[in-house]
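Chemist: From just these sequences and the hints, can you work out the full model?
From first to last, the protein sequence lines are chains A, B, C and D.
In this text, residue positions in the first sequence follow the numbering used here: the first is 1294, and each later residue adds one.
In this text, residue positions in the second sequence follow the numbering used here: the first is 1294, and each later residue adds one.
In this text, residue positions in the third sequence follow the numbering used here: the first is 1294, and each later residue adds one.
In this text, residue positions in the fourth sequence follow the numbering used here: the first is 1294, and each later residue adds one.
Honestly, the hints are just simulated from the structure, not real lab data.
Just so you know, not all the hints are guaranteed correct.
Which copy is meant is left open, so a pair is good if it fits within one copy or across any two.
Within a straight-line C-alpha distance of at most 27 Å, the following computed BS3-like cross-link-like pairs (lysine-lysine) qualify [unchecked claim]:
| id | residue 1 | residue 2 |
| --- | --- | --- |
| 1 | Lys-1312 | Lys-1495 |
| 2 | Lys-1441 | Lys-1373 |
| 3 | Lys-1373 | Lys-1611 |
| 4 | Lys-1373 | Lys-1571 |
| 5 | Lys-1495 | Lys-1552 |
| 6 | Lys-1315 | Lys-1552 |
| 7 | Lys-1597 | Lys-1552 |
| 8 | Lys-1377 | Lys-1387 |
| 9 | Lys-1571 | Lys-1620 |
| 10 | Lys-1571 | Lys-1621 |
Number of protein chains: 4
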Amino acid sequence: MLVVMNSRTTDCEINEVEKQLKDFGLGVQRSHGKNRFILRISGDCGLETTTVVKTIPYVEKVIFPSYPFEMVSRDYQEEKTVFKVGEVEIGAEKAVIMAGPCAVEGRESYLRAAEAVKEAGAHILRGGAYKPRSSPYAFQGLEEEGLKIMAEARSMTGLPIITEVLDQYSVEIVADYADILQVGTRNMQNFKLLRELGQVGKPVLIKRGMSATIEEWLMAAEYLLSEGNDKVILCERGIRTFETYTRNTLDISAVPIAKELSHLPVFVDPSHGTGLWKCVHPMSMAAIAAGADGLLVEVHPSPKEALCDGPQSLLPDKFALMLNSLKKVAEIIGRTL
Amino acid sequence: MLVVMNSRTTDCEINEVEKQLKDFGLGVQRSHGKNRFILRISGDCGLETTTVVKTIPYVEKVIFPSYPFEMVSRDYQEEKTVFKVGEVEIGAEKAVIMAGPCAVEGRESYLRAAEAVKEAGAHILRGGAYKPRSSPYAFQGLEEEGLKIMAEARSMTGLPIITEVLDQYSVEIVADYADILQVGTRNMQNFKLLRELGQVGKPVLIKRGMSATIEEWLMAAEYLLSEGNDKVILCERGIRTFETYTRNTLDISAVPIAKELSHLPVFVDPSHGTGLWKCVHPMSMAAIAAGADGLLVEVHPSPKEALCDGPQSLLPDKFALMLNSLKKVAEIIGRTL
Amino acid sequence: MLVVMNSRTTDCEINEVEKQLKDFGLGVQRSHGKNRFILRISGDCGLETTTVVKTIPYVEKVIFPSYPFEMVSRDYQEEKTVFKVGEVEIGAEKAVIMAGPCAVEGRESYLRAAEAVKEAGAHILRGGAYKPRSSPYAFQGLEEEGLKIMAEARSMTGLPIITEVLDQYSVEIVADYADILQVGTRNMQNFKLLRELGQVGKPVLIKRGMSATIEEWLMAAEYLLSEGNDKVILCERGIRTFETYTRNTLDISAVPIAKELSHLPVFVDPSHGTGLWKCVHPMSMAAIAAGADGLLVEVHPSPKEALCDGPQSLLPDKFALMLNSLKKVAEIIGRTL
Amino acid sequence: MLVVMNSRTTDCEINEVEKQLKDFGLGVQRSHGKNRFILRISGDCGLETTTVVKTIPYVEKVIFPSYPFEMVSRDYQEEKTVFKVGEVEIGAEKAVIMAGPCAVEGRESYLRAAEAVKEAGAHILRGGAYKPRSSPYAFQGLEEEGLKIMAEARSMTGLPIITEVLDQYSVEIVADYADILQVGTRNMQNFKLLRELGQVGKPVLIKRGMSATIEEWLMAAEYLLSEGNDKVILCERGIRTFETYTRNTLDISAVPIAKELSHLPVFVDPSHGTGLWKCVHPMSMAAIAAGADGLLVEVHPSPKEALCDGPQSLLPDKFALMLNSLKKVAEIIGRTL
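Modeler: Below you can see the structure in the form of structure tokens.
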């Protein structure tokens, strides 16, 4: 149940309402966005309670959200969520490009890639220091060393960095270095990790699980918001289907749908979404044309030498060309890049 | 096996080569496209045969296509297939919009829809006279009466018409009326129907089966080409996945992939692909941005009264707005609309 | 809407009721099973009509089936459908084994296979004379010659024969030879074919479409029953999923579900369902243990030489061993084999 | 690469070989099963290395496993893995039934359920103390209190207990109480958790991810074995497909396949696999008939009051009836229950 307060309500008055609600034995969460006049109520929200709550002064109305993801929904916050990461605004008019190699494989190669990616026009640097790998014998990432290299790349380029956090243990250390923490597709329903990330003071990008419905994806984001973190980015990265030509089936329709259902920014990862570098350009065009707020793209200066996901990585020059085209698409739909 | 002839070969010389190949017990099919200097060979294509074939005068080289869809592949024909339907060029620079109601439900309503669709800027009229329905008790289409109404709409608007053919029995009658014959998703592997359509003198649009891989889809098109019909349009219309929010998952990545693997024009049906009219605009943008040669869109003047698929039909005015945006996307990638 | 008649109603009285219903402008279909006291009503079944129909003498009650597949449902007929094919009872206590090679590849080899299959204990012979193949260049079956060979095998072994019918054109000829007509997975929603088969006087086995839900499968069977053919066998044969180790994912749970929802016999095809001969024995055990009324199994005397589907074919001796085990499982659940 | 030692090799000699291999810069892992004469080698296993390794005394042969899951494969250990949990042997002739409510909801109700489940013939008690829930607002389990209740139930019934561990943090505490630790479907690729569990001294049951291929599932188990835990149970629990009638599609074919590829015991969870209590009996029959080494079944004395997964829970008396039938199926395939 959502309690909408009168728009002239003061903080002090909200406190008063909150107290009354708690006295009824209800849980109360305040909206952290612009809509600070909404309270999310948990507990027994039966008819009787509702009737009483409606009579509390300053309470304008009571809403029962249409979806189980309450704080993530447009019912809870009508305007799009916009926030800043360094100088970069996420969810605003300007589409945001996060790019870089799949994994941080070494200092020199990563710095070179970072330079190239910045040169080409990316806004945020990506790179994996902790890698989830289906084989225990595969390269698992440089871990903290990788984070340090990324931090160096940030200093060098001035671009914020995003990297994946694999488990609760490393939330703290990753948050120490990264500007945005990424939840991978295999962790979308790692609820303990989500709760931890809901309490970290950094933005989180949450990838859609490879077999998650759109509703389950938004529910996973609800874990983050319900814990108090409202700087959340949704990222479509392809779902698992019977088609084997592509690594996954990139569900572009998830973009307009997630944007209609939720106020959170929606990104697309065309690299994992297809697994084929030749598809990255057309699918990036498609994503932006369909309204995505940004992209997460794998770019590698020498894909053939990449320790992971080489076949889906773009060369920096192809990436630069792509940004050029994307810019024009963005303009058509009233955005910039 | 494909036999590529010297480019100066005359028809008479090709006949000679063909005779020699047949004398070896091989089957021979001539390319029907611009590449009339390629022959597709069936039968025992072992090492010995290949060696001998290479020595035949006028034979330049012998190719073993990388895919089982030989005539559909770029190995067989490098340039894109382009053909005309009335005044409309398919597969050329100009993206082509086919639009109209899902089903022809009555003379008056269809003519009104046709007028509106033309007004909005569509190039080809769609409409179903024979409807495949999962329930035997659902509306099955007006059949020949529907075809007659569509023909009247063509006269009235000057636009060519496309309609679905459900079975071999009706190929002839549908071909009598329609300018393009459509194979529905449930019929993509109705091989008898495909063979029949391979021999009809009209273009065929073949929808991807809802659980067909891209390779199976191109193999289905191979049935048409192998029977002599080279005016074939591929149409992605969504695949069946675990996601239930959308009716199907529209696989936009199938567009760049099919276009790389094949010389045939590739269209997208965003209406069946999502089942939600709100998604039609963004997904049409995505399709054109990803390189689709055209769209197949459901437009209905009063979707709520539609006997089938109302929820996925656009209103004519929304459709007109959409075409306006699509035009700009088309221009970015060097096309028109 | 289903109209249930008083159990003492005579044919003459039913005729009278039928006339009255038709006078209301309603369509009427009589149950063809044991429940000859049920009428299926199509047309406007609104409140007013229902109220009037209830007052007609001999009408005991009016049912609105819970599912769109009305005549296929248990609402329409509570007892299981049982019918005979030659001496073999389908849907009764005794589980029925249909076996043989995927395709009829030649007279001698088929007769040899038929002999082996009979020897091993099969009740019905299978074999494909018309083959649906994803490539136009693959072996397409011996067609009528194949049917003749199957008929010869029937004379020789005394076993009834089942074979696939690919399209309406060949319904008549296949029905001339075969005892059961099989609808393949790709044709499950070939509605024209279904209507035709609904009017043929022979039993039909309808395979589940590889991407069909259980409801769609039962709806396809409804096409057959609604046209008057009530000798219908449902056959689960594996659905298309992301798993690639098996050719399809055999959905054993479809057996208890289809049997609960419908009165029709339910068979399982473990050969296509897995594509691996090693899985045929365990999955056949699973199918019978889960309550399947029978199996459709590929058996081939020399799988390596098979023109199609060799890897999923059992050798006759392994098949005989399997029947031995199946017999014991059947007994546990109160059946025989 | 696997190095197979001569069967008369002494521990001392193996130490010697191990030293030599390490001197080549290779990683060495000893088989923990009966096959203590096999070493798993990681590092550069090129031709040169292999040639040298073959010449080391006591080395009988060198194997390159056909699959990426080396220690999990039959190449590594031919005989089935068998181990004891309390008095219960897992992977042996006797099929093992683990049963109980989905979640521990309270002391009294759980003890009652445990009693009923024991009475009915179960061998191991199941119950969830930590629950992964797609909504942050749903019941998340009693946590340590739940573990204590389960331990009490163990004392009372004498049955070992199995419960889920959700994250690395709680591995230690769960291991303090439980006899078997369960990895849920959403955690199958939580690699950090797997590594941790590879080092715990307790058996682990790993459920197949709802969108994991059989190969990925076995790779996940490889994480456990490669860390030294060889008491691992594989558990098929249904995969996500387009079918919505069942909660998941229970892939029974995964049983014979996993058993052929791996030496680990394979269990089936028919409750989550179908989500429908009516399907639990037939699917349990199917699982045992297909060769499963055991089952994980939800049983609840009053399913309607269950806080989670009531619709898929069996009543104790239905469960007892089922065990009776399963016993007979087990006997047919040379097992007991």
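Chemist: Next step is simple, just say for each hint if it's right about the structure.
Modeler: Status of each hint after checking the structure:
1. Lys-1312 / Lys-1495: Neither, since 29 Å and 48 Å both go past 27 Å.
2. Lys-1441 / Lys-1373: neither (33 Å within a copy, 46 Å between copies)
3. Lys-1373 / Lys-1611: Classified as between; 23 Å across copies, 32 Å inside a copy.
4. Lys-1373 / Lys-1571: Answer is between; shortest inter-copy Cα gap is 18 Å, intra-copy 32 Å.
5. Lys-1495 / Lys-1552: Intra 22 Å, inter 42 Å, cutoff 27 Å: intra-copy only.
6. Lys-1315 / Lys-1552: neither (33 Å within a copy, 52 Å between copies)
7. Lys-1597 / Lys-1552: Classified as between: cross-chain Cα gap 25 Å, same-chain 36 Å, threshold 27 Å.
8. Lys-1377 / Lys-1387: Close inside one copy (12 Å), not across copies (41 Å); limit 27 Å.
9. Lys-1571 / Lys-1620: Both ways: Lys-1571 and Lys-1620 sit 19 Å apart in one copy and 24 Å across, limit 27 Å.
10. Lys-1571 / Lys-1621: both (20 Å within a copy, 23 Å between copies)
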